[in-house]
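Order-wise, the sequence lines are chains Y and X. Just add 205 to the spot in the first sequence (first one is 1) and you have the working numbering. Just add 93 to the spot in the second sequence (first one is 1) and you have the working numbering.
I should point out that these hints are in silico values taken from the structure, not numbers from a laboratory. Bear in mind that the values here come from a model prediction, so they are computed numbers and not experimental data. Cβ coordinates follow ideal geometry from the N, Cα and C atoms, glycine included.
Some chain X residues near chain Y, calculated using beta-carbon distances under 7 Å:
hint: 1; residue: L156
hint: 2; residue: N179
hint: 3; residue: R182
hint: 4; residue: Q183
hint: 5; residue: F195
hint: 6; residue: H197
hint: 7; residue: E210
hint: 8; residue: L211
Below, simulated EDC-like cross-link-like pairs (lysine to aspartate or glutamate); rule was C-alpha separation at most 20 Å, straight line:
hint: 9; chain 1: Y; residue 1: K285; chain 2: Y; residue 2: D306
hint: 10; chain 1: Y; residue 1: K319; chain 2: Y; residue 2: D306
hint: 11; chain 1: X; residue 1: K225; chain 2: X; residue 2: E280
hint: 12; chain 1: X; residue 1: K155; chain 2: Y; residue 2: E519
hint: 13; chain 1: X; residue 1: K174; chain 2: Y; residue 2: E519
hint: 14; chain 1: X; residue 1: K155; chain 2: Y; residue 2: D588
hint: 15; chain 1: Y; residue 1: K289; chain 2: Y; residue 2: D383
hint: 16; chain 1: Y; residue 1: K417; chain 2: Y; residue 2: D390
hint: 17; chain 1: Y; residue 1: K489; chain 2: Y; residue 2: E263
hint: 18; chain 1: X; residue 1: K155; chain 2: Y; residue 2: E593
hint: 19; chain 1: Y; residue 1: K319; chain 2: Y; residue 2: D294
hint: 20; chain 1: X; residue 1: K212; chain 2: X; residue 2: E180
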Amino acid sequence: MNIFRAGKLAVAVTALLALAGGFAGVSAATASQPPTAVTGETYVIGTDTTFAPFEYRENGELTGIDMDLIRDIAANQGFKVEIKSLGFDAALQALQSNQVDGVIAGMSITDERKLIFDFSDPYFDSGVQMAVAEDNAKITGYSDLAGETVVAKRGSEGETFANSIKDEYDFTVKALADSATMYDDVKAGNSVAVFDDYPVLAYGINQNNGLKSVTEKEQGSSYGFAVNKGQNPELLAAFNTGLAELKDSGEYQAILDEYLEQPAPAAASGFFGLLSDSLPALMKGLGLTLLATGLSILIALVLGVLFGFFKVSESRVLRGLASVYVSIFRGTPLLVQAFFFYFGLPQLTGQSIDVLTAGVLTLSLNAGAYMTEIVRGGIQSVDPGQTEAGRSLGLGYVTTMRRVVLPQAVKIMTPSFINQFVMTLKDTSLLAVIGFAELTYQGQQIYAANFRTGETLLIVAALYFIVINLLTMLSNKLDKRFNK
Amino acid sequence: MSTSANSTASVGSKISVSGLRKSFGSNEVLKGLDVEITEGEVVCVIGPSGSGKSTFLRCLNKLDELSAGTVIVDGFNLGDKTVDLNEVRQHIGMVFQHFNLFPHMTVLQNIMLAPVELKKQSTADARATALKLLDRVGLADKATARPAQLSGGQKQRVAIARSLAVNPDIMLFDEATSALDPEMVGEVLQVIRDLAAEGMTMVVVTHEMGFAREVADRVIFMADGLIVEEGTPAELFGNPQQPRTQDFLSKVL
Numbered sequence: 206m207n208i209f210r211a212g213k214l215a216v217a218v219t220a221l222l223a224l225a226g227g228f229a230g231v232s233a234a235t236a237s238q239p240p241t242a243v244t245g246e247t248y249v250i251g252t253d254t255t256f257a258p259f260e261y262r263e264n265g266e267l268t269g270i271d272m273d274l275i276r277d278i279a280a281n282q283g284f285k286v287e288i289k290s291l292g293f294d295a296a297l298q299a300l301q302s303n304q305v306d307g308v309i310a311g312m313s314i315t316d317e318r319k320l321i322f323d324f325s326d327p328y329f330d331s332g333v334q335m336a337v338a339e340d341n342a343k344i345t346g347y348s349d350l351a352g353e354t355v356v357a358k359r360g361s362e363g364e365t366f367a368n369s370i371k372d373e374y375d376f377t378v379k380a381l382a383d384s385a386t387m388y389d390d391v392k393a394g395n396s397v398a399v400f401d402d403y404p405v406l407a408y409g410i411n412q413n414n415g416l417k418s419v420t421e422k423e424q425g426s427s428y429g430f431a432v433n434k435g436q437n438p439e440l441l442a443a444f445n446t447g448l449a450e451l452k453d454s455g456e457y458q459a460i461l462d463e464y465l466e467q468p469a470p471a472a473a474s475g476f477f478g479l480l481s482d483s484l485p486a487l488m489k490g491l492g493l494t495l496l497a498t499g500l501s502i503l504i505a506l507v508l509g510v511l512f513g514f515f516k517v518s519e520s521r522v523l524r525g526l527a528s529v530y531v532s533i534f535r536g537t538p539l540l541v542q543a544f545f546f547y548f549g550l551p552q553l554t555g556q557s558i559d560v561l562t563a564g565v566l567t568l569s570l571n572a573g574a575y576m577t578e579i580v581r582g583g584i585q586s587v588d589p590g591q592t593e594a595g596r597s598l599g600l601g602y603v604t605t606m607r608r609v610v611l612p613q614a615v616k617i618m619t620p621s622f623i624n625q626f627v628m629t630l631k632d633t634s635l636l637a638v639i640g641f642a643e644l645t646y647q648g649q650q651i652y653a654a655n656f657r658t659g660e661t662l663l664i665v666a667a668l669y670f671i672v673i674n675l676l677t678m679l680s681n682k683l684d685k686r687f688n689k
Numbered sequence: 094m095s096t097s098a099n100s101t102a103s104v105g106s107k108i109s110v111s112g113l114r115k116s117f118g119s120n121e122v123l124k125g126l127d128v129e130i131t132e133g134e135v136v137c138v139i140g141p142s143g144s145g146k147s148t149f150l151r152c153l154n155k156l157d158e159l160s161a162g163t164v165i166v167d168g169f170n171l172g173d174k175t176v177d178l179n180e181v182r183q184h185i186g187m188v189f190q191h192f193n194l195f196p197h198m199t200v201l202q203n204i205m206l207a208p209v210e211l212k213k214q215s216t217a218d219a220r221a222t223a224l225k226l227l228d229r230v231g232l233a234d235k236a237t238a239r240p241a242q243l244s245g246g247q248k249q250r251v252a253i254a255r256s257l258a259v260n261p262d263i264m265l266f267d268e269a270t271s272a273l274d275p276e277m278v279g280e281v282l283q284v285i286r287d288l289a290a291e292g293m294t295m296v297v298v299t300h301e302m303g304f305a306r307e308v309a310d311r312v313i314f315m316a317d318g319l320i321v322e323e324g325t326p327a328e329l330f331g332n333p334q335q336p337r338t339q340d341f342l343s344k345v346l
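Just chain Y, same shape as in the assembly (with noise of 0.2 Å):
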């Protein structure tokens, strides 16, 4: 099964060496200024999430070609690196935006992309290899595709070769963010085939994700590590010298060897064999969702109880404030919150900022407007003779609030609290997009890397059903005690 003979393998390695060659003149030009010493210093390394064999998680661990190169790399330079694995898109915009110093993820060198980044020399020389159901017989080649909707990852090698040919072969090109979603797509019969770079089409075939290859590699262009334009050149002059030195020792070869000449066939056994493997890994994601729920419901609360107030206040100016954040947090999605506080803000104040504060930011400033709103309908219902009751004893309005409105309110509030609860912590599931590894993202990571969606979306999905149930359960088990 193994498409990876050594023949074809051997090609590939040589072309690459040629190509490195090649470029050896060009990555000098780039790192022209004197580098600075990277011996000690740490760097952060932005990664795709889900791209194998070159980065997945095995037993929670990222491994892979470019992990393997890049760790292999920092030894032989003697730098550290913290690797982020944000997926595809977003480790790119976090590079832009400076929340990584570089970013090794199958990234093909392009001429647009080097107006924007910095990168290495060609580490690895790839293709784009078409695939299809394996049970489907009628599609052979491109020109089966006449009509057909094709699936390919955005922003990827394999989309733009995609959409050169479709217009001469006549079919349409949707685009998904990973393989696995791809390859989902193509066995859900949405689409009818997926181009995809052929050393993760190759080592997805051989972990049984139910497709086969119908075409051969297009000749496509090479790998590359990235650092942001004119940033970190010392970083990318190590990366080149590590590079070759590994190439010398014969250690790169044994890497490429270990990924691509004996694909691990990990496959769990069974259900239950997938869930005692995966365990480890969600409860880890479980801790994380938990985590940034407690953070954001506390930060909500306060927030909600001021602007509340605000809004039952008698200042025209403290009202309107509060009408703006309600209006401006309950009127955009969340999702565009998240991206805004994890790749806008830093853009803005070049001040960058790490997943779980812009994470917990993104929740917390969206749950704290709809909790402005439950505190304001709170003590609104309570009954205005209850206030006129407590003033007209001579009690100021602080102390009325307190011992009076508020008791009561509470107790009209805390139904919608729970529920505001519960709605956040399975907001935190969105935070998956800017790479925040809680519940969702570590489920995806599984089945990145073992393409077996359903059984692991099912119990992920489980695993929250759970939590909530047993917090809502408790929740209304201290409403009834407190609120009687």
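Put chain X on the given structure of chain Y with help from the hints.
What follows is chain X alone, placed relative to chain Y:
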């Protein structure tokens, strides 16, 4: 302005209202009221619904803002922004049509809240006072009950006890028996009657004409935001001068 014949020797003006106007948006509810109430006087305010009786009462402790005119209570000018309203309100107890007891507190806690929060009394003293007040309104056995467990008449008696806990020298009653079942009206009126007998200055908005005739030193008849006529109960009920008053009384008596 007539003064009552049977009032105790008046020491001075307790409440002084002049030119009082009140509008809600474009709707003018009080169209210029002038009233003097002396210490110890019991004034009943009667009149048809929508005549402005309750609004007038709520202007006396500024639960409603004044649109124009002056209200001076115990020497405090309520229109003066520097006057501490919370201080003034401790001189004026108010009892509402719908009781407005605090449902999340026991009867005792309802009564103790203001004296303790205002640091007028220690918790122990406030408790003793509250129990004494409950005894006075005939509810000593309901100290630990919740408002929801009480009948309407009992609730209103608790509300009166609560107002008395801050030791006011003026009491305002806003249709205190209107929301009660007929058989409970008597017990509440008895408490008000007792307060009158003790010399409390009171302004009572009421639909109970018999009670007004019996207890009031002076009766004010209001209609359409104005005082139409006022006098002793004997004068107003026995020999009303204004056609508007005659018309109203012919319908309710």
